[in-house]
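Chain residues, written in single-letter form:
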Amino acid sequence: MSVHAVHPADAAIPHTVEPHPVTGIPNPKFGIWLFLASEVMLFGALFSSYVLIRTQAPHWPPEGGLSSEILNVPLATLNTAVLITSSITMVLAWASCKMGRIDRFRLWMGCTIGLAFVFLIIKYFEYTDKFHHGHFPAFNNFYAVYFTLTGLHGLHVIGGIIVNTFLLTIGTRLWKTDPEQFTNRVENAGLYWHFVDLVWIFLFPSLYLL
Amino acid sequence: MATRLAETAEHSSPEEFKKHLGKYYVVFVALLCLTAITVGVSYLRLNRPLAITVALIIATVKAGMVAGVFMHLISEKKVIFAVLILTAAFFLLVLLLPSFTTFESSAV
Amino acid sequence: MSASTTHGHAAAAHAHDAGHGHHELPFWRKYIFSVDHKVIGVQYAVSALVFLFFGFCLMMLLRWQLAYPGQPLPVIGKLLSESTMPGGVMAPEFYNQLGAMHGTIMVFMGIVPLAVGGFGNYVVPLQIGAPDMAFPRLNMASYWAFLPGGILMLLGFVAPGGAAQSGWTSYPPLSDIATTGQTIWLLAMVLLITSSLLGSINFIVTIVQLRAKGLTFFRMPFFVHAQFVTSFLLLLAFPPLEAASVMQLMDRLAGTSFFLPSGLVISGEQLHVAGGGSPLLWQHLFWFLAHPEVYVLILPAMGIIAEVIANNTRKPLWGYRLLVYSAIFLGFMSFVVWAHHMFMTGMGTTMSTFFQTTTMIISIPSVVILTCFIMSLYGGAIRFTVPMLFATAFLPMFAIGGLTGLPLGLTASDIYLHDTFYVIGHFHYVVAPGTIFALFAGIYYWYPKVTGKQMNQTLGKIHFWVSFICINGIFMPMFWQGMAGLSRRLYDPTIYAHGRAVQSLNVLISWSAWGLAIAQLPFIWNFFSSLRRPKAAENPWQATTLEWAAPSPPPHGNFVTPPVVYRDPYEYSVPGKAKDFSPQFAAGEA
Amino acid sequence: MDETKYGFWFPPDVSVHGRQIDSLINIVHWFMLLLFVGWGAFFVYCLIKYRARPGHTASYLPPKAQFTKVIEVGVIVIEVLLLFGFSTPVWFRYKNHPPTEKDALVVKLVAEQFAWNFQYAGKDGKFGKTAEANISADNPVGLDAEDPDGKDDIITVNQFHVPVNKPVIVQISSKDVIHSFNIPVLRVKQDAVPGARIPIWFQATQAGHFELGCAQLCGLGHYRMRADVLIDTPEDYAKWLAESAPPPAEQPTSAAPENPQSAPQK
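Chains as they are written, first to last, in our numbering: chain A, 130 to 339; chain B, 1074 to 1181; chain C, 1162 to 1751; chain D, 561 to 826.
For the record, the hints were derived by calculation from the structure and aren't laboratory data.
Among these hints, one or two may not hold up.
[Claimed, not checked] Result set (EDC-like, lysine to aspartate or glutamate): computed pairs, CA atoms no more than 16 Å apart in a straight line:
{"hint": "1", "chain 1": "D", "residue 1": "K655", "chain 2": "B", "residue 2": "E1149"}
{"hint": "2", "chain 1": "D", "residue 1": "K683", "chain 2": "D", "residue 2": "D663"}
{"hint": "3", "chain 1": "D", "residue 1": "K689", "chain 2": "D", "residue 2": "D707"}
{"hint": "4", "chain 1": "B", "residue 1": "K1150", "chain 2": "A", "residue 2": "E147"}
{"hint": "5", "chain 1": "D", "residue 1": "K662", "chain 2": "D", "residue 2": "E692"}
{"hint": "6", "chain 1": "D", "residue 1": "K686", "chain 2": "D", "residue 2": "D663"}
Just chain A, same shape as in the assembly:
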């Protein structure tokens, strides 16, 4: 009977792995969904500020023209595709765990992290291109909103990379002792990652296309 290789305090906490008889979910999944709820409110407030500043501005973007002319839409479309692909590889990583194939898990999780880096690199090019033209966040409120929203989203992508890398490297030790808990952790990391993709799905049209 292998005792959990987790922190002694965790061992005594019921429903860390097996679902709660009434709610039907283990603690961590409930916790991650609550965290995503607070993230929804965080991005909700940012979108609310975007809506308020934009409706108050005499014309948007302040310097005239269209946001799709100022921002590089093809590059952003590619970025959206990259993020969507990283979502599917994340699901496949979770599915590999479900099927007990730790090697396939490493492959798909590696792809997810790689695609996340590609996303950040594309963002880097977009940002530096704007900085060359002197369009810093202080230039006008269009860039302020653009940099703040995509910047905070980028930070969330970096957070996701850190968690996924942990799961890919040190985290897999848990696979040997308690594969079910490891699969749950991959699923929860996946929920967070899909949420980050979901935020970008709304961010992309509202900033670039409208």
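Once you've looked at the hints, dock chains B, C and D against the given chain A.
Structure of chains B, C and D alone, referenced to chain A:
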């Protein structure tokens, strides 16, 4: 040990589970197509309110697919839905009420 | 292969001191970086009490300037630096720093960590029969995000230009152009918000998932219901302020102008920013948090009051379900009333009517909760123990706080009363004789559970009576100052005729405030000296809720055998029973 | 300034709409007193009658209390009455039916860190254009020198002359941070939000010398942001208008009375 693991989920065995992978690929392709569509629509230069509604509908459909299939919200338990509905209500409050109040302000 | 049933595992954890089956934790893991909800609860409570006392001292300084404007402060005036108290006389910007930091420290670093972090962390797992919080390490992370946030906030005072000085509400553009202390305020706020966010996730999962066998939703003590609703407020209301803080940080550091409209002229020169922002945007996002925040301050206090009243009237609470539904309704309504703080910002008629209506609606659950508490006294056998003294005083004081909210919630009367000392009296009556008295009741009530020792009751009674008199001496005159039209946050109120007319009240208020400080000395002495008193009884108050099933102080893993719940939380004076209380955890016949 | 009229309760009320606000505040306070005394009496009664004493035990069953529902409904009814009977009508009439610009005196106000700058249209009844660009120490509202309408505009700092018994519209704005235009005796308060010009109106009923203060924290000089409100009889007002009108054409800059405030620090 791996086989028993698969049973805990609603799918019966790895082969059974593999059949369910198909839906993820379908959603993946659908998301890419919808992205292409929403970009395409933006080139039509529709008038402001129409462009917003179309883009929002497409984004909501995409988000619904990601949440429903990738995040398994379709088969999720009641307690998660309760939290999400509560959050959605307050999300709309924080999204719209500040703008309504400022819009109606009596500033000249 | 799946892990053995963890309940059985917890049962193995019966050794009193050593953890179950694993090595003894080193000192720093047991007391500093501990994952035990009880140690974290005590850490939160002690640091919150220290911050509360510091915030209190800021106010005592501030009261000197209001009572004797422009006169040098005898002793302390010389100790402080020339920039803050030139020649012992307080500088206006230091006065603003004291006001802003008093508000921020008392709300975000004093009461929330004490009520939610301290009491919630310690008592909730015990009251639902759980071995610990659902995520022990997340619990530790939330404390260690709180403490640095608190210390960073205090470091604001040594920043060039002093601490934040744009009020605890930090309205831009004033906060956007303030000195570096404001940036430190924002960074500290982000840390404090993250701490509360992590804490709220932990509470909700613990309360939903880790309840003991037999503990259904409507058998939970009202304290747990109050913490449950409070956690949802923390979870969903805090992030918008975090977003607003990020935007204000961008405004201050990256030169953006989210909250800066175009064409600002600051002390003579054009402000070179892009402009186009809206100062009201910050007010919306701030008050979207701040109103649920004030319900975060009062709900745990109501929870403590419910526990103490039920225990000391030896009678089940009147309308327990009414209380639970009112708390949930209060939590929901607290999200739709925030703009009654902004009636005077040029709001139109439709939105002001909407927010007036929601403000009137939200007063109903508070009235219901207060009625339930008062009805619980009817037919009881009230023991005036020290916790009960504080709880009894809470009821009329909270009533005054609630009632004085009415004229402020109606736009027409708010025209006159907005931003006057009437507002200061209103919210302090809810927070000071309200929440802080409830927290005192909680400290006296659960001190035997936390330390195994009973506090000295006579010192407690002295502490209560002197505090009760002084606290009313502070806040009651403020209503008259408000009716006279005296605005808040004035460095020297005697500049205005209506200020001079009520200046005598300022002297009375200040002396009451310093009296209140002296009244806390017996409490502080009592708090520490009682640690050396003899061991108290296992269940000194003969209470029925689950936390008294565990030994005092409970070991790691809390319960010797996982408790089972047989009945409702407040089964006192059940006819035909030997004792006048039947604990939830006692089997049938007790 | 007649100091005797200021006491612990309301300061004197010298505006037309002030009476409604005072009556609403008084009614709400009577309602609060009624509730508090009722509750308090029952509360004290319970404390005494049901205190623990030998031979007295608590009763397990909750009392059948219908009257709490009655009180509850009573509180709701009175609150609805207060809201839709008093508060919203006053607020709607105040906000939706301001006096027309024809028969009211319109004054533009630009609040700044620690002074109030009033701009009167002068004889031609037309305001000169103002722009932030040309704001300077002796031109606090940034009056455009070339604009002919602005030649006769009167700019006063911390001096607010108002004719009695005549509606006055004040268009409030701010050039730096949020201030709040607050005249307790006229029962008027309105935040001065930079980037917006918010109109409020009042009609004074009694001549006299009163005070205007800032009600929103606006920096280190917030407490001394005081202005004199001089409600003049029609003759005095006409005399003041004549005296302070800038001399005709050849004087380009407006001869505003010397700005008593030293250059306001940030």
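Consistency of the hints with the structure:
1. D/K655 with B/E1149: 50 Å, violated
2. D/K683 with D/D663: This hinted pair holds, its Cα atoms lying about 15 Å apart.
3. D/K689 with D/D707: At roughly 7 Å apart (the allowed maximum being 16 Å), D/D707 and D/K689 satisfy the hint.
4. B/K1150 with A/E147: 14 Å, holds
5. D/K662 with D/E692: Distance ~27 Å between D/K662 and D/E692 Cα, so the pair is violated.
6. D/K686 with D/D663: 14 Å, holds
Violated hints, listed in ascending order, are 1, 5; each of the other numbered hints is respected by the structure.
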